[in-house]
Amino acid sequence: DVKVTQSSRYLVKRTGEKVFLECVQDMDHENMFWYRQDPGLGLRLIYFSYDVKMKEKGDIPEGYSVSREKKERFSLILESASTNQTSMYLCASSFLAGTSYEQYFGPGTRLTVT
Amino acid sequence: GNSVTQMEGPVTLSEEAFLTINCTYTATGYPSLFWYVQYPGEGLQLLLKATKADDKGSNKGFEATYRKETTSFHLEKGSVQVSDSAVYFCALIDSSGTYKYIFGTGTRLKVLA
Chain R
1 DVKVTQSSRY
11 LVKRTGEKVF
21 LECVQDMDHE
31 NMFWYRQDPG
41 LGLRLIYFSY
51 DVKMKEKGDI
61 PEGYSVSREK
71 KERFSLILES
81 ASTNQTSMYL
91 CASSFLAGTS
101 YEQYFGPGTR
111 LTVT
Chain H
1001 GNSVTQMEGP
1011 VTLSEEAFLT
1021 INCTYTATGY
1031 PSLFWYVQYP
1041 GEGLQLLLKA
1051 TKADDKGSNK
1061 GFEATYRKET
1071 TSFHLEKGSV
1081 QVSDSAVYFC
1091 ALIDSSGTYK
1101 YIFGTGTRLK
1111 VLA
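Line order of the protein sequences matches chains R and H. All the letters of the first sequence, read from the start, carry residue numbers 1 to 114 under the working numbering. All the letters of the second sequence, read from the start, carry residue numbers 1001 to 1113 under the working numbering.
Hints may contain errors.
Said to hold, decoys possible - One-sided and incomplete, this derived list gives chain R residues near chain H with beta-carbon spacing under 10 Å: (1) 7; (2) 9; (3) 16; (4) 20; (5) 35; (6) 44; (7) 45; (8) 48; (9) 106.
To be clear, the hints were calculated from the coordinates, so they are not data collected in a lab. Think of the CB as a built atom: it goes at the ideal place given N, C-alpha and C, for glycine as much as any other residue.
Make a model of the complete structure from these sequences and hints.
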């Protein structure tokens, strides 16, 4: 079974803090993704990576950065946390299954910024 | 651009009722289509997929047929259970070789005993 793990299920941080969210996958997948999930907005892509040290902006990259130094690990960084970054953060990895990519998700990190 | 539209929830059904959750899409070419399910407190799990027109994806009693003529991929189940209560997301990945998914906003299903 594919396993995507995230470092924390719940996190509370203060405004202005630097926040690190870690994601690890154990299936040697090339592609990894960070989303945020908000009620009524569904999933919005923040950043993704298709190879080590490679990254591309998603739909809402402002206020975030990412790091992928090893294939299995993809980190999301909030440089200076703000209250509007309170959200559920989901990490995913994907691989080519037949003719299309399948994504596998971690359990999510619920971040509260006070 | 590509987009996915799902029916708004919540959908509330009694146990053993028939379920339909509508999903329509806009995309160029021939996207692959997916349904994901999110149980309370968990991440999303792939439920089923279809990669070409008229394909039917199925899993755990759920089915969806890729209808290119109506650009739809409606999710159905003949008899829902309380354990099916979750949020369901329709998604597509386009055929241009991108790795990026486009997700709908999700439909919450509540099944009452």
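For each hint, the structure was consulted:
1. This hint is violated: residue 7 of chain R has a C-beta 14 Å from the nearest C-beta of chain H, more than the 10 Å allowed.
2. Against a cut-off of 10 Å between C-beta atoms, the interface hint on residue 9 of chain R holds, since the closest Cβ of chain H lies about 8 Å away.
3. Nearest Cβ of chain H to the Cβ of residue 16 of chain R: about 28 Å, over the 10 Å cut. The hint is violated.
4. Annotation: residue 20 of chain R was flagged as interfacial toward chain H, and the flag is violated, the nearest CB pair being 19 Å apart, outside 10 Å.
5. Satisfaction of the interface hint for residue 35 of chain R is found here, the shortest Cβ-Cβ separation to chain H being roughly 8 Å, below the 10 Å cut-off.
6. Interface hint at residue 44 of chain R: satisfied, since its Cβ lies 8 Å from the closest Cβ of chain H, which is below the 10 Å cut-off.
7. Because the closest C-beta pair between residue 45 of chain R and chain H is about 6 Å apart, less than 10 Å, the hint holds.
8. Given hint, residue 48 of chain R at the interface with chain H, holds; its Cβ is 7 Å from that chain's nearest Cβ, closer than 10 Å.
9. Of the supplied interface hints, the one on residue 106 of chain R holds, with its beta-carbon coming within about 5 Å of a beta-carbon of chain H, less than 10 Å.
Checked against the numbered hints listed earlier, the structure breaks hints 1, 3, 4; every other hint is satisfied.
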